[in-house]
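**Student:** So the protein lines, in turn, are chains X and B. Be aware that the first sequence starts at 1, since it is given in the working numbering, and climbs by one per residue. Be aware that the second sequence starts at 1, since it is given in the working numbering, and climbs by one per residue.
Some chain X residues close to chain B (C-beta under 8 angstroms, calculated; not the full set):
id	residue
1	502
2	918
3	919
4	920
5	994
6	995
7	997
8	998
Here are the simulated SDA-like cross-link-like pairs (lysine to any residue), alpha carbons at most 20 angstroms apart as the crow flies:
id	chain 1	residue 1	chain 2	residue 2
9	B	86	X	501
10	B	54	X	461
11	X	430	X	452
Hints listed in this document are in silico derivations from the structure and should not be mistaken for laboratory results. By construction, the Cβ of each residue, glycine as well, lies at the ideal position given by its N, Cα and C atoms.
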Amino acid sequence: MDLTGEDGPLPESLDEIVQLIQQLYAANQDPTSTSRIQEVLQQVQRSPKGWDLANELLRYGDKEVQFFGALTFTVKINSDWEGLEEEDQMVLLNRLTSWLAHLVNTQSAPFVVRKMCSTLAIFFIHFPRLWRRCIRHLVCCICAQPIPLELLDQQPSTADIIRNAPMEKRIPLLWFCSTLVQEVGKLDSKFIQNAEVHQIAKENTSDAVAVISNALNATGQDLGQVVQENIDPNYVCLGLECYQAWVFFALKSSFDTAMEFGELTPLTQVAIMWLTSPTVFETACEVLTEILTSHTKFLGKDDIVTIGNVLSSPWGIQHFEELRSGESDPDESIAFGRLVIAFAELRMKELLRDPNSPQSSAILQMMHGMLTCPGYPVEDDPFCTLSFEFWDSLVEMIIDAEYEDMEPAVLAEAEKHAFLAVEEYWNKLKIPPPEVAAQWSKDSCEGFASFRKDVSEFIESAYPALRIEMLNKLTRHVTDVVGEPVWADVEATLFCINALGDLLTGDPQEFVCLASLFGSPVFRMLANTELNIPEKPRMTAVTLIGSYASFFEQNVEYLPTVLNFLFTSINNPRLARSASKSIVGLCSSCRTFLISELQTFLVQIELFSSQLTVDTVVKEKVLSGIAYVIQALPTDELRIGPLTMILGFVEKDIQRSMMMLSQGEREDAKELALFALRCLVGIARAMQSVEDMTEPAHVETNTNFWQHGEGSQVQQAVIVTMQSMLAAFEEDGEIIDEICGIVKAGLLEQTPGPFVFCSQVVVDFVVNRGVRSVRVESVIGIAGTFVCTQSMTLQENIVQTQRLVEFVLAVVENLQVPSADSIASPAAIEFLQLLIQKSLYHLISIPQSRLENVLIFTLEAMSCRETLIKKSAAKFWTQLLSAQPQDPDIRNALDEILQVCGPRLGEKLVMQLGGGCYRSELDMLAEPLKKLVVRSPSAKKWLQDVLDVEGVPSRRLQPQDKRMFLERVFLLRGGKQTNNLVREFWVKARGNELFGYTG
Amino acid sequence: MNNQNYYELYRQSSIGAALTDALDTLISDHRISPQLAMKILNNFDRVIAEVLSKNVDATLTFKGNLDTYRFCDEVWTFLLKNVKFKFQRQQEEVLAEKVKIVSCSSKKPGEV
Numbered sequence: 001m002d003l004t005g006e007d008g009p010l011p012e013s014l015d016e017i018v019q020l021i022q023q024l025y026a027a028n029q030d031p032t033s034t035s036r037i038q039e040v041l042q043q044v045q046r047s048p049k050g051w052d053l054a055n056e057l058l059r060y061g062d063k064e065v066q067f068f069g070a071l072t073f074t075v076k077i078n079s080d081w082e083g084l085e086e087e088d089q090m091v092l093l094n095r096l097t098s099w100l101a102h103l104v105n106t107q108s109a110p111f112v113v114r115k116m117c118s119t120l121a122i123f124f125i126h127f128p129r130l131w132r133r134c135i136r137h138l139v140c141c142i143c144a145q146p147i148p149l150e151l152l153d154q155q156p157s158t159a160d161i162i163r164n165a166p167m168e169k170r171i172p173l174l175w176f177c178s179t180l181v182q183e184v185g186k187l188d189s190k191f192i193q194n195a196e197v198h199q200i201a202k203e204n205t206s207d208a209v210a211v212i213s214n215a216l217n218a219t220g221q222d223l224g225q226v227v228q229e230n231i232d233p234n235y236v237c238l239g240l241e242c243y244q245a246w247v248f249f250a251l252k253s254s255f256d257t258a259m260e261f262g263e264l265t266p267l268t269q270v271a272i273m274w275l276t277s278p279t280v281f282e283t284a285c286e287v288l289t290e291i292l293t294s295h296t297k298f299l300g301k302d303d304i305v306t307i308g309n310v311l312s313s314p315w316g317i318q319h320f321e322e323l324r325s326g327e328s329d330p331d332e333s334i335a336f337g338r339l340v341i342a343f344a345e346l347r348m349k350e351l352l353r354d355p356n357s358p359q360s361s362a363i364l365q366m367m368h369g370m371l372t373c374p375g376y377p378v379e380d381d382p383f384c385t386l387s388f389e390f391w392d393s394l395v396e397m398i399i400d401a402e403y404e405d406m407e408p409a410v411l412a413e414a415e416k417h418a419f420l421a422v423e424e425y426w427n428k429l430k431i432p433p434p435e436v437a438a439q440w441s442k443d444s445c446e447g448f449a450s451f452r453k454d455v456s457e458f459i460e461s462a463y464p465a466l467r468i469e470m471l472n473k474l475t476r477h478v479t480d481v482v483g484e485p486v487w488a489d490v491e492a493t494l495f496c497i498n499a500l501g502d503l504l505t506g507d508p509q510e511f512v513c514l515a516s517l518f519g520s521p522v523f524r525m526l527a528n529t530e531l532n533i534p535e536k537p538r539m540t541a542v543t544l545i546g547s548y549a550s551f552f553e554q555n556v557e558y559l560p561t562v563l564n565f566l567f568t569s570i571n572n573p574r575l576a577r578s579a580s581k582s583i584v585g586l587c588s589s590c591r592t593f594l595i596s597e598l599q600t601f602l603v604q605i606e607l608f609s610s611q612l613t614v615d616t617v618v619k620e621k622v623l624s625g626i627a628y629v630i631q632a633l634p635t636d637e638l639r640i641g642p643l644t645m646i647l648g649f650v651e652k653d654i655q656r657s658m659m660m661l662s663q664g665e666r667e668d669a670k671e672l673a674l675f676a677l678r679c680l681v682g683i684a685r686a687m688q689s690v691e692d693m694t695e696p697a698h699v700e701t702n703t704n705f706w707q708h709g710e711g712s713q714v715q716q717a718v719i720v721t722m723q724s725m726l727a728a729f730e731e732d733g734e735i736i737d738e739i740c741g742i743v744k745a746g747l748l749e750q751t752p753g754p755f756v757f758c759s760q761v762v763v764d765f766v767v768n769r770g771v772r773s774v775r776v777e778s779v780i781g782i783a784g785t786f787v788c789t790q791s792m793t794l795q796e797n798i799v800q801t802q803r804l805v806e807f808v809l810a811v812v813e814n815l816q817v818p819s820a821d822s823i824a825s826p827a828a829i830e831f832l833q834l835l836i837q838k839s840l841y842h843l844i845s846i847p848q849s850r851l852e853n854v855l856i857f858t859l860e861a862m863s864c865r866e867t868l869i870k871k872s873a874a875k876f877w878t879q880l881l882s883a884q885p886q887d888p889d890i891r892n893a894l895d896e897i898l899q900v901c902g903p904r905l906g907e908k909l910v911m912q913l914g915g916g917c918y919r920s921e922l923d924m925l926a927e928p929l930k931k932l933v934v935r936s937p938s939a940k941k942w943l944q945d946v947l948d949v950e951g952v953p954s955r956r957l958q959p960q961d962k963r964m965f966l967e968r969v970f971l972l973r974g975g976k977q978t979n980n981l982v983r984e985f986w987v988k989a990r991g992n993e994l995f996g997y998t999g
Numbered sequence: 001m002n003n004q005n006y007y008e009l010y011r012q013s014s015i016g017a018a019l020t021d022a023l024d025t026l027i028s029d030h031r032i033s034p035q036l037a038m039k040i041l042n043n044f045d046r047v048i049a050e051v052l053s054k055n056v057d058a059t060l061t062f063k064g065n066l067d068t069y070r071f072c073d074e075v076w077t078f079l080l081k082n083v084k085f086k087f088q089r090q091q092e093e094v095l096a097e098k099v100k101i102v103s104c105s106s107k108k109p110g111e112v
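Use the sequences and the hints to build the structure in full.
**Tutor:** Here you go:
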């Protein structure tokens, strides 16, 4: 059939429909035609002929067509159920049950039978009153003969009917029972009509129990026994899954009403018994693990005791030993491991309260046994990754013991096991020898790394519980070493201690432990790069040093050793990046203690820089690190020498870059130039003073040293470098960004320094870029930082600010409308907002015609589609409306601006808040509204004038809605509740029925 | 687990707000119904909670002065002052004058 047309006629004949269904399920269909076929078939299903079509399709021998027939019934029931009269409902039920019986009798494909079961479950959901005893009725129809509902009581018991039925008729009953509660469970029982469906489904529990009992071969008066001979494992597994579905349903329904689990309860003992059957074991484990983990309420005391008894029985212990030795099937072993963990987590306190009972002892041994299986985690041993949650809960319990009444004996036992677990995990995270790791797949390597990360998180969680004793035990793995260390043990220890870097409490004992570690012979061996030691422990040691900056700050005697170790490590490519990161951290926090080492560091960086290939990231970090130490020197005079030296390394790169450029290698030249500039940014940031200053510095007399005095050569060299880079890589955005970084670092500096340039240099850099230059937003950002950081009491700064204002005005005039550039526009508006904050005078002083343009620009920005533009405009107007200048001239000028712009601002706000803006923009646009209502007496009129226009801001708003909004806005006087009011107004303007869905 | 049992607090996050904006646009364009949008938001409430608990392993530590705390309707609220945040993979610290922490129980109703 041709389906190329968009709205072609629907297929008329059954053959055509069958052909389409076969095409739909055929392999290698292209997605477009599949989706078109699906569309056509869905239309046919929903058409009035759908009922007959479903019947016809089920008559076909083709299983896909039959499946589609059952699906068509589901679609029709879901779409047309409300139109069915009671008589029709009965006819439909009889037809569906007959079809299911027919499909079962003719041994149709399982997926067709399951679909029909699901169709019947949907029927039940829509007509529960009509089909109250659905399971019993279906049992009769399938296993005996179709009978009217009113004759159900005259039939033998459900259990008897099933017992006499062949296996192929019993399995569909389990499918139906499971699907029924899964579908009903999806309905929220808080709604009255759903509560009824839940209630009627529950009335079927005894019949469901009969179906499940048969599958589980439960016998005896109370069904509490089981016969495991001559069974079909598939049937039992389905029975266990059905039991789980009913348990889940029973619990879900019991949230709202008191629920008796009575009828289902005996089945739990039967399900536990199935653990010992080899063929059903895995499913039984999974079902019980799920119940132990998520449906605990369902289990009675006896059930928990029985599970414990089975797990700790000789059978359980033998099974666990098979798991440890790797003799059993891995999936089954994991399922068993999970069951043990779920049980241990549920019974944690009880196990610890009576640790010597056979059951507790066996279970706790199993928990530790899972951490001591042979082999490496993930690659050989899948078990040690399973129990993190259990051990986390255990240490949480120890931490909570401080606030709860816990018996000291239980606490002591918990601590004992937590210590043991830490030791066991420590043992497991040891890195394999390189020749072993080389055999691993990528997944195994990643899995092992992820396991180590999980262990470090566990160590972190355990520290507040086990405290100093844990740190002590760990460090002793290193400090107690006699003779040649086992480097894998040392690495594992350092790895664990590294995890505690942020958790130390400052307890003096902690420092004693760390001092013994960093002062140990083993650590000195690690730091001695001339010794032949595996790389991994060194790498971990390098990271560890960086994590303990606070320790070194207070124990400066260790600093020279570790820093020399780090500086030597930068020559090893595999250690270099971690080492440079640790260098920056330590140099930043311990700068004053490192002054005496500065010369050594300079020698090291010289050696490092002289290498043929240098990792640029490492060099950048190391130069920053040294700059921190230079900054700590007591006088500017002392700083000049070492600073000139490290700037010399940067200068060399700049010269190489220029040479490459002259040879036409532009890309390489640019890369090198960017790297050199990044080094300068790092040095400039590191040279920033650490003292807090209350007043902005930049007093002319103090700047003399770097701007006009001895240091001026250094500063001049930096300025020349920046200028030469700008000239060489004209209009290159990345170069401009890096230079902005250098300038900004100087602007943010609190005291005079080599990167603190005079105002004119900074402003020249900005205004020389031109209004159309690339990264104009970064340049405007520098202008904003200038305005924020410079003292406006200095005449020079006032003059330079004027130049910046001119520049930004020119950018705005060039843009004309805010939507012209979604990055430059918000940057320009943000500059103007900062101007209001720091120097309103400069804004007010703009000539009237240009000021009007700027204000119109910000007002237009309020209705831009781009959120960033709108946000900057909202902030600008919030700031302007909040400004309360002391100077009467400025105050008058500001009032005048508001009188002129007020009506337009009111209009923009009403249009945006009345449905024009995105929902997420409401809070930011509510801010200027809040300020407006308290700022000007005319505000009400401005807003009212807009709201009075019919159909504005939305046709959905009635005049009384608008009136109410206006009155409430002014009643709230700019309070927080305005945000809620604005939200309601927006939803109403857009249509409550469409946009009120968020609740 | 029924969707109504999940907190809606992540709808205020940037990703939640962006999703709501996208849904609003789809409704305005008549491409989806509000009912579907509601379902999507319910799914979001569930999934964001799951993903944040299972897949996010980044950590940060912070220190500050605890100014006020309260526990009401299973919700803890902490108001902290002068808070210093330290991130896992970042050298620099972030300072905040005031921080409000609202913490809700991660356990689902009925869970023990």
